[in-house]
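Could you put the whole structure together from the sequences, leaning on the hints where they help?
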Amino acid sequence: MPLITLTTDFGTKDHFVGAVKGAIYSSISDARIVDISHGISPFNTTETAYILRNAYKNFPEGTIHIVGVDSELNEDNKHIALLLNGHYFVCPDNGLISMIATEINPTRIVEINIHDRLESSFSVLDVFVQVAAHIARGGTLEVIGKTMTTFKKSFELQAQIPAEQNKIIGNVIYIDNYGNVISNITEKLFKEIGKGRTYIVRASRYSFTKINQKYSDIVDFTLPAHQRQSDGNKLAIFNSAGFLEIAIYKSNLTTVGGASSLLGLDYRDRITIEFQ
Amino acid sequence: MPLITLTTDFGTKDHFVGAVKGAIYSSISDARIVDISHGISPFNTTETAYILRNAYKNFPEGTIHIVGVDSELNEDNKHIALLLNGHYFVCPDNGLISMIATEINPTRIVEINIHDRLESSFSVLDVFVQVAAHIARGGTLEVIGKTMTTFKKSFELQAQIPAEQNKIIGNVIYIDNYGNVISNITEKLFKEIGKGRTYIVRASRYSFTKINQKYSDIVDFTLPAHQRQSDGNKLAIFNSAGFLEIAIYKSNLTTVGGASSLLGLDYRDRITIEFQ
Amino acid sequence: MPLITLTTDFGTKDHFVGAVKGAIYSSISDARIVDISHGISPFNTTETAYILRNAYKNFPEGTIHIVGVDSELNEDNKHIALLLNGHYFVCPDNGLISMIATEINPTRIVEINIHDRLESSFSVLDVFVQVAAHIARGGTLEVIGKTMTTFKKSFELQAQIPAEQNKIIGNVIYIDNYGNVISNITEKLFKEIGKGRTYIVRASRYSFTKINQKYSDIVDFTLPAHQRQSDGNKLAIFNSAGFLEIAIYKSNLTTVGGASSLLGLDYRDRITIEFQ
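Residue numbers (my numbering), protein chains in the order written: chain Y, 1 to 276; chain V, 1 to 276; chain R, 1 to 276.
There are no misleading hints in this set.
Heads up, the list lumps identical chains together, so a pair's fine if it works in one copy or across two of them.
Subject to a maximum C-alpha distance of 20 Å in a straight line, what follows is the list of computed EDC-like cross-link-like pairs (lysine to aspartate or glutamate): (1) K214 x D231; (2) K167 x E187; (3) K57 x D30; (4) K13 x D35; (5) K250 x D76; (6) K191 x E274; (7) K13 x D70; (8) K195 x E274; (9) K250 x E72; (10) K78 x D231; (11) K195 x E164; (12) K234 x E72; (13) K57 x D126; (14) K153 x D70.
No lab work stands behind these hints, which were simulated from the structure alone. Fair warning: this is a prediction, and the values are worked out from it, not measured in the lab.
Now the structure itself:
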């Protein structure tokens, strides 16, 4: 039973996702299909990378991940298939893979050349499903494309380190369902550069001297429940994906607001950690 | 083929739902996974209860229901697993179960103690999936936790009856996809207290002397179609879940509005039935 | 393993979709269930037709398509089941089928008469799932209903041709996830009427003398990437479903806007092609 995931900017109202699933079942009747996300902001490769790198590792090896974000074939945007960390990816060559494969290199990459309908504006349906079906049947990547030795690079998920190594300069790369604001500073980088030094996290006009591991770390459970007043407080946390996040405890983005709206932190804004 | 449902406030854009599904398939390769809802308002236990109690009974017995709403483990929020009405639930002990189990008591409840990573901020991925996999493999609840005899109580879904039994005092507990407004007054309670007496339903400054069984009960089909003008009319109905609902016939919340916006009825507002 | 799709206006927050899936698994334990859309605008039959006609053909023959849009049973709105182009549909008789079956007639149609609970306000759960289960078990349509020879007609998806055949007069029938605006003018009709003549597409105060096959056809790849400035440009295209669409290249409806908001084109607005 092949496992195929979908990560797209199609939304869930239109016929796009249904059409793709129908085509997958028509080719691979015993497929199991999982939606990772169809809510990516249109054409946003950085969001795609953040979501996919945090989701894909939880699937069994051999899973085939189809990506439908900015995937129309043209001179600048080739279609590729690759094996990375035991997982297959079928996607455009638009920088996405470089943001997922930051620590592990792909084992093999091919430029897909089975296209019999180059004029398609719906590549996922007309090309990627066929490629996934080929892989699901145990086919090799070499049959469907020409081996490549490199792929496009994008550095949006990478924080900067000045030569003095006295700080990490990051940016907001994602705002999640709770309005929490996620930076491109990983816990791994924080440990490598910080080496146990004390630090200050700066985001907009706020600063934090502690980075938590759990949201409820900021609650003082020694107080009676009605005196705690922790809901609505801001905190810094290394989230479950390992990235530095600025959060509001128990925020609701659609009513009182979340970290993004309450602290005025938007996509691409700077977040830094200064070491002493 | 174990059946596992997910009810969360994760939204569907982020990687959370995909990561959980990947982990489930990694543990239970023949699982069937069903999304009940990922659109719960953040941390809203009452909404969770309303949605889950109306959905779960339709699944076959033995289904495992994972709940990811306000589920971070802390001193005040334990993780529990239980068997209720032939269904398994893996969820936080935050009052939710008391709103689902209003008529049937759980057969067995345990406080989960298999945690090997207490500092997780993503309990559904790190704990609940393991518990579900254990149950799916036929494991007993006793192996994964300590038997409990009670659980937290919440009364948000319960309408009030004054000593005179001359009315039922309810509140808005949910606003649905159509903008229809749902109270915590059940048809069962209405029959028990009303005993066939005539009644007036009061909601905001509106009143209703009839509670319908179908939305189109308010349409006069003896008139020619173009003279009916029933679209946009308000009505009271016992909805398919058995709760008193104030609705606008064929409303569209995002254009002209629904009962919530047009009649000014919001979450927690009072709705009463007075008997004569 | 029967394949069952769902197309509804239920949204994905409420319990409706979960309840229906639970009931399907209770009746047909080896079903594969696919969501085509739950985001249809409430009671909008034209949107339903556009989405379903573009999705259903990609599924294998024998797939059962359940439609839950405006499906409450009443004197004017019968429940039907039918076989069309090798696919089963279980839906209300509200004009929907006439917009899907524009080129192929249904092989067989029945008016469902197995209702044992006419007072239901949740027909999909209480009736359509039973009908789908009957079909999935290999049952004939005749057992669950009375053969019909006709069905309700709706012409919303049909563009108009004046006697002179010098133009095609269409309307906006759908606005997609990217804000792109889709008309009821098909490429097939364009070829039949146009017969290779030159043409002008008119939409709001804009005109187009070319209809593209791919979105990136408007990009001049001979220029260096930073000089292209094609993002945000408007274009006309026959989309992957074969309908004339007015699009903004790489638009984002929720930030800068899409064709609908930027060009002022709304549902039902006129779009024409004039031939010379």
